[in-house]
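S.K.: Given these sequences and hints, build the entire structure.
Mapping of the sequence shown onto my numbering: position 10 corresponds to residue 29, and the numbering continues sequentially without gaps.
It is worth saying that the hints were derived from the structure and are not from the lab. Remember, predicted model here, so these are calculated numbers, not experimental data. A virtual CB, placed ideally from N, CA and C, is assigned to each residue, including glycine. A hint or two may mislead.
[To be verified] In silico lysine-lysine, DSSO-like type, Cα no more than 27 Å apart, as pairs:
1) 30 with 69
2) 69 with 42
3) 193 with 172
4) 158 with 193
5) 94 with 69
6) 193 with 205
7) 94 with 158
8) 69 with 50
9) 172 with 42
10) 141 with 205
11) 94 with 30
12) 205 with 158
13) 30 with 42
14) 50 with 94
15) 30 with 50
16) 158 with 172
17) 141 with 94
18) 205 with 172
19) 141 with 193
20) 141 with 42
21) 141 with 158
[Unchecked claim] Distance windows between CB atoms, simulated:
22) 81 with 137: 25 to 31 Å
23) 164 with 128: 16 to 22 Å
24) 37 with 62: 22 to 28 Å
25) 171 with 146: 20 to 26 Å
26) 178 with 128: 22 to 28 Å
27) 94 with 199: 57 to 63 Å
28) 90 with 171: 42 to 48 Å
29) 171 with 198: 22 to 28 Å
30) 154 with 58: 42 to 48 Å
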Amino acid sequence: MIEIDIGPVLKRIRYERGLTLQKLSRLTDDKVLPSNISRIESAGAGATLKTLTTLANALGTSPSDILREAEGGDKVITKPQQVLYVPVLSWVQAGTWTESPEQPADGDYDEWVEAPRGASRKAFGLRVQGDSMQAPIGKSFPEGCCIVVDPTKQADNRSFVVARLADTGEHTFKQLIIDGPHQYLKPLNPSYRTIE
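M.R.: Here it is in structure tokens:
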């Protein structure tokens with residue numbers, strides 16, 4: 020049995036993408052652990068076809084392209100990705116996030132999510148609490164789902180926002196409704212009242 024050293028190819032692509040071992044692991048939905056990626060990159064062999072396929076998909080290429088380059092063929096060309104990962108914060112942390120002049124280091128948070136294209140580095144993730152944004156039909160945000168909040172974006176009519184309530188100081192996730200000079204925070208669940 021001939022083993023092909025794919026380690027240098029994987030490592031080169033990962034570096035070109037600006038991915039740490041942890042971020043590449045997250046792109047595989049943690050199917051391939053950082054320690055396994057490191058072992059494959061160092062030893063070069065020992066990756067199953069399933070693992071190679073998972074890593075190739077996460078890196079935006081194919082297993083056959085990686086194997087071809089590892090055997091001395093053409094260099095794998097992948098499309099550059101502008102992927103931004105943002106930390107998932109608690110609702111308490113979110114209150115002070117936008118006031119911080121510096122963003123904390125990667126290791127300061129346990130969970131990170133991919134932000135949509137165009138999000139700023141001030142963006143962060145939040146887990147939805149409660150069922151006020153769970154609609155009976157149409158667009159819905161069930162409890163526990165993760166939303167990405169970008170405090171640098173302008174809120175428009177009917178956009179979804181995280182707002183601080185003036186009377187309690189608490190933050191809430193609702194749909195912003197602008198009606199002339201009036202602004203309302205509307206839940207998607209009709210069982211909850213609109214906040215004026």
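S.K.: So, for every hint listed, does it hold in this structure?
M.R.: Hints versus structure:
Taken as a hint, the residue 30 and residue 69 pair is honoured in the structure, with Cα atoms around 18 Å apart against an allowance of 27 Å. The suggested pairing of residue 69 with residue 42 holds, with an alpha-carbon distance near 19 Å, which does not exceed 27 Å. Of the supplied pair hints, the one linking residue 193 and residue 172 holds, its CA atoms being roughly 16 Å apart against a limit of 27 Å. Simply put, residue 158 and residue 193 have alpha-carbon atoms about 12 Å apart, close enough for the 27 Å limit, and the pair holds.
A distance of roughly 22 Å separates the Cα atoms of residue 94 and residue 69; the hinted pair therefore holds under the 27 Å criterion. A threshold of 27 Å between alpha carbons decides the hint, and for residue 193 with residue 205 the separation of about 6 Å falls inside it, so the pair holds. As the CA atoms of residue 94 and residue 158 are separated by approximately 43 Å, the hinted pair breaks the 27 Å bound. Distance check on the hinted pair: residue 69 and residue 50 sit about 10 Å apart at the alpha-carbon level, within 27 Å; holds.
Restraint check: the Cα-Cα separation between residue 172 and residue 42 comes to about 26 Å, which is no more than 27 Å; the hinted pair holds. Between residue 141 and residue 205 the CA atoms are separated by roughly 25 Å; this keeps the pair inside 27 Å, and the hint holds. Pair hint residue 94 plus residue 30 holds up; C-alpha atoms about 13 Å apart against a cutoff of 27 Å. The hinted pair formed by residue 205 and residue 158 meets the criterion: a straight-line CA distance of about 13 Å does not exceed 27 Å.
With a CA separation close to 13 Å, the supplied pair residue 30 and residue 42 stays within the 27 Å bound. The straight-line distance between the Cα atoms of residue 50 and residue 94 is roughly 26 Å, inside the 27 Å bound, and the hint therefore holds. Taking the CA atoms of residue 30 and residue 50, the gap is about 18 Å. The hint holds against a cut of 27 Å. At most 27 Å may separate the alpha-carbon atoms for a hinted pair to count; residue 158 and residue 172 meet this at roughly 21 Å.
The hinted pair formed by residue 141 and residue 94 fails the criterion: a straight-line CA distance of about 36 Å is larger than 27 Å. With a C-alpha separation of about 19 Å, the suggested pair residue 205 and residue 172 falls inside the 27 Å cut-off, and the hint holds. At most 27 Å may separate the alpha-carbon atoms for a hinted pair to count; residue 141 and residue 193 meet this at roughly 20 Å. Restraint check: the Cα-Cα separation between residue 141 and residue 42 comes to about 19 Å, which is no more than 27 Å; the hinted pair holds.
Restraint check for residue 141 and residue 158: the C-alpha separation of about 25 Å stays at or below 27 Å, so the hint holds. Between residue 81 and residue 137 the Cβ separation comes to about 28 Å, which falls inside the hinted range of 25 to 31 Å. With their beta carbons about 18 Å apart, residue 164 and residue 128 fall inside the hinted range of 16 to 22 Å. Under the hint 22 to 28 Å, the C-beta atoms of residue 37 and residue 62, about 23 Å apart, fit the expected range.
The hinted window of 20 to 26 Å between residue 171 and residue 146 holds, with their beta carbons roughly 21 Å apart. A hinted range of 22 to 28 Å for the beta carbons of residue 178 and residue 128 is consistent with their spacing of about 26 Å. At about 59 Å, the CB distance of residue 94 to residue 199 agrees with the hint of 57 to 63 Å. Judged by the Cβ atoms, the range 42 to 48 Å given for residue 90 and residue 171 holds: they are separated by roughly 46 Å.
Distance hint check: the CB atoms of residue 171 and residue 198 are about 25 Å apart, consistent with the given range 22 to 28 Å. Take residue 154 and residue 58: their Cβ atoms lie about 46 Å apart, and the range 42 to 48 Å holds.
In this structure, the hints that do not hold are numbers 7, 17, in rising order.
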